[in-house]
Structures are given as structure tokens and as C-alpha cells.
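Model the full assembly from the supplied sequences, consistent with the hints where possible.
From first to last, the protein sequence lines are chains X and E. Take the first sequence: its position 70, counting from 1, is numbered 70 in the working numbering, and each next residue is one higher. Take the second sequence: its position 692, counting from 1, is numbered 920 in the working numbering, and each next residue is one higher.
Calculated directly from the structure, the hints in this document are not laboratory data. Heads up, some of the hints might be wrong.
As the list claims (entries may be wrong) - Okay, the calculated beta carbon distance ranges per label pair:
| hint | chain 1 | residue 1 | chain 2 | residue 2 | range |
| --- | --- | --- | --- | --- | --- |
| 1 | X | 42 | E | 1002 | 51 to 59 Å |
| 2 | X | 38 | E | 1044 | 39 to 47 Å |
| 3 | X | 148 | E | 851 | 51 to 59 Å |
| 4 | X | 82 | E | 851 | 48 to 56 Å |
| 5 | E | 787 | X | 148 | 35 to 43 Å |
Just so we're clear, the structure is a prediction, and the values are computed from it rather than from any experiment. By construction, the Cβ of each residue, glycine as well, lies at the ideal position given by its N, Cα and C atoms.
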Amino acid sequence: MPAIRLGHPLFFHNIPFEIEERQILREMRIPKKSSLSELNEPAMERAIGQAIEEGYRMIEGQGVYRTLAITKVEENRVLTRESETLFVGQKMVKLLRHCDYASLIVATIGPKIETEVDRLSGPEPAHAYFLERVGAWMADYMGIWLDRMLEREIVRAGYQRTYRFGVGYGDWPLSSQTEVMALTESRKIGIALNEAYIMIPRLSISAVIGWQKPGTGPQPSPEPESDS
Amino acid sequence: MTPLLERLKQDILILDGSMGALLQGRGLPPGYAPDLWNLERPQDIQAVHAEYRAAGSDILLTNTFGASRRRLAEYQAEGKIREINAAGVDLARRAAAGKAYVAGDIGPFGSTIAPFGDTTFEEAVAIFREQASLLAAAGVDLIAIETMFDIQEMRAALIGVREGAPRLPIMAFMTYNADGITDSGSDPETVAAVLEGFSVEIMGLNCSVGPEAMVPVLERLGRATHTYLGIEPNAGLPIHRDGKTVYPSGAEEMASFAPAFVEAGANIIGGCCGTTPEYIRMISKRLKGTRPRPRTKSPHTRIASRTSVVPIGAGVPFVLIGEKINPTGKRLFSEAIAEGRTDLIVAEARKETAAGAHALDVNVGVPLVDEALMMEKAVIAIGNVVSSPLVIDSSFASALQAGLRIYPGRALVNSVNAEEERLEEVLPLIRRYGAAVIALLSGDDIPEKAGDRMKNAEKILRAAERFGLRPEDIVFDTLALTVSAVQEASRQTLETIRLLKSEWNARTIVGLSNVSFGLPMRKTVHDTFLAMAIGAGLDGAICDPYDPLLHQTVAAASLFAGRDPECRTFIDRAAGWSPLVPQGEKGGEGAQSTAGASDPKAPLSPLTTREKIERAIIEGEREAIAPLVTQALAEGSAPFEIFVDQMTPAIRKLGDLFGARQKFIPHLIAGADTMKKGVEVLQPLLEAKGPTKPKGTIVFATVKGDIHDIGKNICILMLRNFGYRVIDLGRNVPLETILETAEKEEAQIVALSALMTTTMIQMKVAVDAIRERNLPYKVMVGGAVVTPKFTTEIGADGYGKDVGEVVPLTERILAALVGTGTGPEGI
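The following block contains the structure:
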């Protein structure tokens, strides 16, 4: 069995990607359509298609995960070798109670799309919106890509993954971002925090996934909980 | 002992099983590096080897899986790398006692590698080279590279091992998941193509899953390569039971799959995690007397990206290599490259792939540009968005090397010719990076006669053999010259193709576009040449994939060239084609009816300008609206009338369609943007008539701490379209700024947006401040995390679920204000 990669963050650059029309339409809340051609609206097809093509040119997918060994589970927090203050809150305890390890994941599509969205917001608001939706889905996509990479490692080690729990959701305070960023060394993939603990670039995600013994804890949901 | 590769011709060999599990049984603590026991507990290591030998192992893997400098550094043991590896070999050799081969075992170095990871390719190569040279110096019979999850790390390992242990055979095992794909997305066929490029002697798979899941992967490998195959399954996926990690498949079960492994083509069989000498004993017993299944060598050249493979040769689909990623004659493209940008390269790659190119030629040669750096960037950027294999094209060896190094697949290099200097420069790169190469049949000049071109082909082939390349690593470019200049030369090109096919069964390709230069109807000329060349045996072309006639020509010619069994591809593709020339009977009718058909959606009578404006707004035709408004003005409509009587009803109708769920948020936004663009035409005319009274004033802001504002901006767009005056304060706005502005602008409404649970609390702070100071503003709130419940709790006056609600909500709030006498004048 390959050793569990503990002790240092594992970085991924140049994450390959595909921008699926189905997902973008879903992100725009257009129901029951899986491709642009199904819209049967040339102007809309053109507008969304253009945003997708621009996405291909602007997205630079990067991510990092770091696996921490859990040392103790208390009533309101979970301790690891690296931190006693990171995993706090009832929901976190519920998530990680049966886990031996917890992996932090951070992913981003880089700054280009949001810079372009900001530029277009005034003169071309619809274009800005379409591009922003492409970026929003693709930030999620990068998180899912990392998530799957990690999941394989988890399964190979005889564990089962928990669902993905985003920083700032439930009772996990957004201020925990500071520790998440430090432990994952996310500055190396170009992510910083603003004063409100929001990641810059905004089109980024951060979350934790637990390694639980099969059949012992909460099952991953088909739709992972949103990331911050 | 008989040399290993000789034995494999006759016998199935048995590998050993798990080392870690047995060492843990002897007290190895969890998390401790087994490799350190080569020095600390050598008797235990030798004893485990001896157990496997006694169980029937023909090959013993040294206990050096993690004994690379990088991995040992995690235990501060990198200073002992030589001793650990040497001891590992010595202990296995002692246990083998001359009756088993000793394989120097090398595992992943523990991190990710460029372009995915932080470690550079050459750093990784150096790590593997060092360990391989130490194992070779200590006397192993072969090198085993195991448990690789990423084809790029395997490439680095293969180069490192070839350089560190040049005379030893390599056994290269990737790890696949249950879906038959590696972690980084490579399937068995792709892996086979890449590994064959490095001429590995044995390839295979180990770890991760149990025997049952491995059978189909091994079968695919067996069909994809004639190379010797090996397999080491886990004893199933591990599970946790009573505080221990256990593997569910027993020795009997594992051994029951051994015949299936042989049937799939396995020459070497062992076990990975969870297996013990008992498993090896059972497998050995089960396979006693079994002979390996012979497999047939493929004559094709195969090129591959990280995730897909394209064969080149007879009997497989003709290969179209897109020629468009090339700055020659393209000003914008050249400027982008000069600026180090890859956006236009990526766009072209996407377009070529969508047009049906099977592989993409990548040329980034612009004067005064660091071509090596740019080639690396281009190869990475293209690899992120398309999976077609790449053809690395440069006249500079440094650029070829940069592209080959970073490319996580098997590239085709464009090109060498018969010039000695070029051969000496390029062929070592092809060998080192496991690539294939296009060989132009030119030398100091371009031979006119086919016989002279064949002499150049022979020269290139001999040189390639000298550098350790195989004939399958070469694709010959028979030189398609401009027919208008040298007509005879083109006939000789076709003859050369025939000779290469008939005499060597070689793979051939041409660069197509030049052939028609200087003639009218160029596409007809070069597509006709292409059909003739395919008839002569041509396997692929570097060409313009955007030419629809070319695709039809290739598909039709393939019918006659044995490349389309049962005409299936042609029939399938023809269903999606528009005939480019009259096809007689059915085709002719189709072509005519298409040309003359009426659009079922088209109206019976032409639309008026007013109707066109309505349609433009409802359909979000942003480019159409400004000319339509200009046309309406020219037809005599007043600006105010166009705004109030034409555009506003259209946007309201769109809102109604949204309410009826016939249109959705993107439509609403596109419609609003369309109206905005129409209003921009009217604005100067409206202002020239004097100031108009706004329907109300709203101060809009994203709250302090929050930097999301796309939703807010769209709301503002909607409100302005409906005649409201909106002061946009932007994002991350302090409360005092909001209140000061509201007072100064005499606003009726303060609108607040937030996207984060942590920042929405600022909405409450704002409402509290407005109430405490008894300020007259109504507060409306919105944003992804805001709910009606939250709105009620904080005492705000209105909540908008989405952009579709912002105008009705504003209208309701202002109507209520009118009722109280505090509303804006005129509402």
C-alpha cells in the first residue's frame, strides 16, 4: 500500500479541464437543457458559447491538498498533530468523529476571469454575468478534480471519504481560512485572504474531507456541500 | 542464470508479494520507512526474501521502493542512500542464492511533477537516475519501476533509469484505479504507447485494486502492446477490521485468477499489498508448466497525449494533423507569442480539435522570441484543454527538447531530414524522451526522383537505429512539392509513398497545403492530390482541418484504402455533412431543398422595427439593438416613445416570461443588457430634451467585507432600464459611506447585497443604524445566502430572491412610500 502522504502539501498546477455546457446551463439555472444547441436561441447560444471559449483561454486551474493526522476528538473540536484550533464546531466533530485523517483542499481557477468580469461589469453586464457563471462552475470543477484525486488515495488506504465541508459553512468559522491557507501554503498557488477572510481570487474553493473507516460515519452526499 | 529476457520467451515467471505487511509482522512500526531496515534489521529483510524464494518467486524485488533521495529525506536518511540501496540488493541476492533474478525496486518519489506538480521534470529524472545507478552498481538483474500514478512521473523515471542503468532491462508498472484509468487520467492503451516509446522490456500494472478488477486492464494492455507484461494485484482493496488494515482476497482466490492473467498476456505474475508467500506459492502451483501466450507486434506508430492515443499506419483511420498553430503569416498570432501569451494558441487548438483534427502541430517560431520557453508554455496550455496528441514543430533542438520534456505523452517531432547535423541533433532527443519523429526525405537538397528520396530514407533509418530507435518510431514525409512549379516532383512523391509502403511497410505523411500553391481553386487541387496519395498508401497529412472538402475527401478515399471497414465511418459522417457539390438524385434534391427551404420559425410577413426591437430584447440580441433603435428614430419614432412604448413593454414581457418560467435568469440579464445598449443610443437625445424625473433613487452597495458584486450589478442594470436612478457604491462599502450617500442623493431606498454568511451580518448593522438614527430610507436586501427569514429577523423592508424580483420589489416599496406620503415626487 502506498504510504499516506502526510506532512506536506501536495500541489497541482495546470489541472486539465473541460467546460461542460450542461454544467454551465445548470449554473445559470436554465433547467432541462444539456447543451447550448438545445436552447434553440441563437443569440443566447452565441453569448454563452463565447463565455465558455473565453473560459478556456483564461482558466489556470491549480490546487493543493494536505492530509493531517487526527490525534484526538473532543466535544467541540478535533485535534491534529499540526493544529488544535483548526477543526472546531459541532458539525466538524460530527464530520470527523470516525476519521483517522483529514485533508484540507484548496483550488482556484486563477485571477483572469474575475479581472475580466470586473472590467466588463459596467459596459457589458450580460457578458460579465455569463463569464462569471463559467468561472463559478469551474472553480467548483477544480475542487471536484482535487476531491477525486484525493478520494482515490483514501480508497487505496482502506478508508472512505466523508463529504466535502467548506470553510465558513455551518459552525466552522470563516476565520479558519487563515490556518487553512497557512497549512496548505496556498500562497504558492496565488491565493491570499482579504480582511474578511475571503479568498482572492474569489473564484477559489477551500474545504476539508475526512478519512473515515468504512461504515462508521456520515456518507458522502452525491452533491458535495458547497465550498467557501 | 539464463538472461531474463530469454527466459521470458519460454516461461511465465513468478514475482514476489508484499514486503511491508510481512515486515510489520516482524515489528516494523506503522509509518516507519521499510527501506531503513536494510541497514537496521537486515536479517528480517533477507528472511522475507527467502520466504518468497521458497514459495516459488523467480524474481525478488529489492526492499528499496522508497529508497530515493527525496523519500529518504523524509526520514533524514538521504545521507545513507548508497548503503540502503546496496544493502537492499545484497540481501535479495543472498536470498536468491542464484535461483532468482533480483529486480532493483523503485517507487514514486513522493511528490507531484511538472506540469502538474512543483518538482521539475529534470529534478525528478535526477532522483530516479541516482537510485537506478546505485542499484545497477550493486548488481541487480533488472530495474522495476512500480506503483506510478502519473504517466509523467513514469516518463521521468524511465529516462532516469535508462541513464542511470543503461544496460538493464526495465519492468515498468503503472497503478490503475477500478475504472481502468490512472490517477492522472491515462488509460492502458495510452500508457502502452508512451512506454513503448521508451522501449521498456516489460510493462504492466500493480497495486490499488484486486485481481478481478485488474483482468480487464491487463487484457487492454495485452491488445495494445506486444511487449512482455507483468501484473501484481493487491489482495483486494483494504478494509479496516478490529483496528487493523486487512485485505479481503485470500490466496486461493488470488491464484484462481492466474490463468486469466496468462490468457490476457501476462509473462510475470506476483502480488502487491496484502499478499504473502502463501499467495505466491498458490500462484506458482497453479501456473506450473504454463507457457506464455504469444502476441503480435503492431506495425503502427502510435503517438499519445496524457489521455488519448492515435495510431498512424495502414488499416487504421487516416490521421489529420492540424497545421493552424503556426505564426507564419498571422500578425495577431505572432504578437501574442511575442508577448508570451497562449490564449490564441489555446483557441486555435480548441477549434482545430472541434473541426476534426486528430493531432495538432505546434509551431511557435517567432523571430527574437525564446522559442524553447514559448514551446513549453504552449504545450502545457494546449494539454490543459484538449486531449489530442501533439506534434512538436521547430527548427531549434532547444525548443524541441523543451516541448518534449514537459509533454506528458508521446509526441511526434516535426522533423529531421537526412542532413547529418540535424540527425545528430534531433535523434538523441527522440530517444531520450520516447518520442516519434517525422523524417523529411530531403538532404542537402530535395531529390526529384523517388529512388533518391528512398536513399535519404535509408540514411535516416540507419541513423535512427544507431541512436536506439525502432522503425516504428519514424514517420516518413515524402515531400509534397508545389505542383505548379515542379509537376514531375509530385508524381515522384506518390511513387515514394508506394515504395515506402511496398518495401518497408513504413508510415508516411505529407504537408499538404504547399502542393496547390500558385494555382486557382487550391482546395480542389490539394484535396485531389490527397485522394491520390491516400490511394498510394499515405497514412496522414499535416493540413487545414477547417476545410470541409478535405474531410469528405479523406473519408471517401479511405473507403478505397482499407481504412473504413464496411464503410461505417463514411456513412456515419455523411449524415452530418452538407453536400459541397451537387450529388445528383437524392443529394441534389437535398441540396436544393436546403438552399430554398423556408425557416419554419420565420414569420409569414416581415417584422416591423418595433417588433424587431421587442424580439431583440426578449431574445437578448445585444448586437442587433443599436441599429434597430437608430432605424426606429429614422422612421420617425420619438426617443421617449421608443423607450416607454417599445423597449419598456418588451422588458416587462420578458419579466412575465421569466415569471412563467419560460425564460430564465440569463435571458433576463441578456435582455436587460440589450435594452441598456438601446438606451445608450437614446440617452443623448433624451437628455437634450431636458432632465427627466427619475422614478425613484436607490443607493446600492455590496456590504463591508464582501467583494462579490456581479448580482448587484445586474440588479442595477435592471433598475436603470426601468427608469430608476441608482447610485452604485461598488463593493466592500463601509456603512457610513452608504448613509452619507443616501442622505446626499435623497434616496428612498438603500439596497444591500452580500454573498457570504460572514458578511451578511453587515445588513443587520445597517438596518439597526437606520432605525436608531430614525433615517427615512427603506432597506432592501439580497444575495446568495440571504433568506426571507433573515430579512424579517433583521427588520429589512424587502428581500429579492434573484435579479427577476428587484424591479417588482422596488415598485412595491416605493408604492408603499407613496401611500405614506414619503415617496418620491411623481410616483
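Just pull the numbers of the violated hints for me, sorted ascending.
When the structure is compared with the hints, only number 3 turns out to be violated.
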